[in-house]
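Trainee: Given next are the chains, with one letter for each unit.
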Amino acid sequence: MSKMILTTEGDKHILVTRRFAASPEAVYRAHTEPQLVQKWLLGPEGWTMPVCVTDAQPGGKIRYEWTDGKGRGFHVTGEYLELEPYSRIVHVERMHLPDPTPDNHVETRFDPDGTGTLMTMRMTLPDSQTRAAMLATGMEHGMEASYARLEKII
Amino acid sequence: MPNLDASFSALADPTRRTILARLALGEATVRELAEPFEMTQPAISQHLKVLEKAGLILRRVDGTRRPRRLAKEGIEAMDQWLATLRKALEKNYNRLDEVLAAMEPEKGRKTR
Numbered sequence: 009m010s011k012m013i014l015t016t017e018g019d020k021h022i023l024v025t026r027r028f029a030a031s032p033e034a035v036y037r038a039h040t041e042p043q044l045v046q047k048w049l050l051g052p053e054g055w056t057m058p059v060c061v062t063d064a065q066p067g068g069k070i071r072y073e074w075t076d077g078k079g080r081g082f083h084v085t086g087e088y089l090e091l092e093p094y095s096r097i098v099h100v101e102r103m104h105l106p107d108p109t110p111d112n113h114v115e116t117r118f119d120p121d122g123t124g125t126l127m128t129m130r131m132t133l134p135d136s137q138t139r140a141a142m143l144a145t146g147m148e149h150g151m152e153a154s155y156a157r158l159e160k161i162i
Numbered sequence: 586m587p588n589l590d591a592s593f594s595a596l597a598d599p600t601r602r603t604i605l606a607r608l609a610l611g612e613a614t615v616r617e618l619a620e621p622f623e624m625t626q627p628a629i630s631q632h633l634k635v636l637e638k639a640g641l642i643l644r645r646v647d648g649t650r651r652p653r654r655l656a657k658e659g660i661e662a663m664d665q666w667l668a669t670l671r672k673a674l675e676k677n678y679n680r681l682d683e684v685l686a687a688m689e690p691e692k693g694r695k696t697r
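Residue numbers (the working numbering), protein chains in the order written: chain A, 9 to 162; chain B, 586 to 697.
In isolation and in its complexed conformation, chain A is listed as follows (with noise of 0.2 Å):
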């Protein structure tokens, strides 16, 4: 099974990979397109996205609503800045609970790897602050792990 690794570059970036057994094509449309995306973007067990709208072009909007079926829920809200087809979607992103986060810019490439797709997530928060708040000590020590098995496996 593949293996999410979750990293830190410099202050302000978080980077995620993951390989996917599936074509560059179809993980860019899984992303972009809203009935696929609301199959798979929902967190914990029980979450479902009943809003869910990806209007992927060059200054298009995005907004996800999420709810746990008691009441409780958040959203995000963000802008299409870049798409190449099926290989980058480039846009910014903000968690409103209620109050929004600070912008959240994403780099999400997809890159041919053998038969499936390398996907590359690199995340560029405003300082290093805002970044802390995403991560911390103990999610390094997760990544190392990750990174030892990795290892193990090649």
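Treat the hints with care, as some may be off.
[Said to hold, decoys possible] Take a look, some chain B residues computed to stay more than 10 Å from chain A by CB distance:
(1) 624
(2) 629
(3) 645
(4) 676
[Stated by the list, open to error] Estimated spans, in silico, between C-beta atoms of each pair:
(5) 42/A x 600/B: 37 to 47 Å
(6) 11/A x 591/B: 26 to 36 Å
(7) 609/B x 93/A: 24 to 34 Å
(8) 76/A x 657/B: 20 to 30 Å
(9) 630/B x 76/A: 37 to 47 Å
(10) 621/B x 17/A: 23 to 33 Å
(11) 120/A x 607/B: 25 to 35 Å
(12) 79/A x 664/B: 23 to 33 Å
(13) 63/A x 610/B: 44 to 54 Å
(14) 42/A x 591/B: 17 to 27 Å
(15) 42/A x 612/B: 46 to 56 Å
(16) 100/A x 617/B: 39 to 49 Å
(17) 92/A x 628/B: 45 to 55 Å
[Stated by the list, open to error] DSSO-like, lysine-lysine: derived pairs with alpha carbons at most 27 Å apart:
(18) 78/A x 676/B
(19) 672/B x 20/A
(20) 672/B x 78/A
(21) 20/A x 69/A
Keep in mind the hints are simulated off the structure, nothing from the lab. None of the values given here were measured: they were computed from a predicted structure. All C-beta atoms in this analysis are idealised placements derived from N, C-alpha and C, irrespective of residue type, glycine included.
Got chain A; can you put chain B on it based on the hints?
Mentor: The following block gives chain B in isolation, referenced to the frame of chain A:
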């Protein structure tokens, strides 16, 4: 309940992360904590104050000494939050695997 925002922003500073790493080995005084840094004790005390306010360390009174140690509750709350976040992300991608498998039923026939 420790304040997660304060905890995470306290971790944004490399000196404070090093202090926490030192305290993970056991209780230490301000002087011991200042030792590895080219910093005055008041500067270190300032960092300790931030960590204390964030609920990540505790202070004990021992005569004139004020040794610090990790606050288990604060660290665990942060750990739990991160584990939840990471698990949620992994779960998403495992679900995406299934979505992709359903999208490409012809997969496997394409091998050359």
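Trainee: Work down the list of hints and note, for each, if the structure agrees.
Mentor: These are the hints, each one checked on the structure:
Remark: the non-interface label on residue 624/B is consistent with the geometry, its nearest Cβ contact in chain A lying 19 Å away (cut-off 10 Å). With a closest Cβ-Cβ approach of about 19 Å to chain A, residue 629/B is found to remain outside the 10 Å limit, as its non-interface label requires. For residue 645/B, the condition that its CB be more than 10 Å from all CB atoms of chain A holds, with the nearest at approximately 23 Å. Not every beta carbon of chain A lies more than 10 Å from that of residue 676/B, the smallest distance being close to 7 Å; the non-interface claim is violated.
Separation of residue 42/A from residue 600/B is about 45 Å and conforms to the stated range, judged on CB atoms against 37 to 47 Å. Range check, residue 11/A to residue 591/B: about 32 Å between beta-carbon atoms, so the 26 to 36 Å window is met. Between residue 609/B and residue 93/A the C-beta distance comes to about 48 Å, which lies outside the given range of 24 to 34 Å. For residue 76/A and residue 657/B, the Cβ-Cβ distance of about 29 Å falls inside the hinted range of 20 to 30 Å, so the restraint holds.
The hinted range of 37 to 47 Å is satisfied by residue 630/B and residue 76/A, whose Cβ atoms lie roughly 43 Å apart. Our hint of 23 to 33 Å for residue 621/B and residue 17/A holds, since their Cβ atoms are close to 26 Å apart. Restraint check, residue 120/A to residue 607/B: a C-beta distance of roughly 46 Å breaks the suggested window 25 to 35 Å. Residue 79/A and residue 664/B have their C-beta atoms about 27 Å apart, which keeps the hinted 23 to 33 Å range intact.
Checking the proposed 44 to 54 Å range against residue 63/A and residue 610/B shows it holds: the Cβ atoms sit about 52 Å from each other. Checked against the given bound of 17 to 27 Å, the beta carbons of residue 42/A and residue 591/B, roughly 37 Å apart, lie outside it. For residue 42/A paired with residue 612/B, a C-beta distance near 54 Å keeps the hint of 46 to 56 Å intact. Between residue 100/A and residue 617/B the Cβ separation comes to about 45 Å, which falls inside the hinted range of 39 to 49 Å.
At roughly 48 Å, the beta-carbon separation of residue 92/A and residue 628/B lies within the given 45 to 55 Å, and the hint holds. At most 27 Å may separate the alpha-carbon atoms for a hinted pair to count; residue 78/A and residue 676/B meet this at roughly 21 Å. Taking the CA atoms of residue 672/B and residue 20/A, the gap is about 22 Å. The hint holds against a cut of 27 Å. For the given pair, residue 672/B sits about 21 Å from residue 78/A by alpha-carbon distance, which is consistent with the 27 Å threshold.
For a cut-off of 27 Å, the pair hint linking residue 20/A to residue 69/A stands: about 24 Å separates their Cα positions.
When held up to the earlier numbered hints, the structure conflicts with 4, 7, 11 and 14 and fits the remainder.
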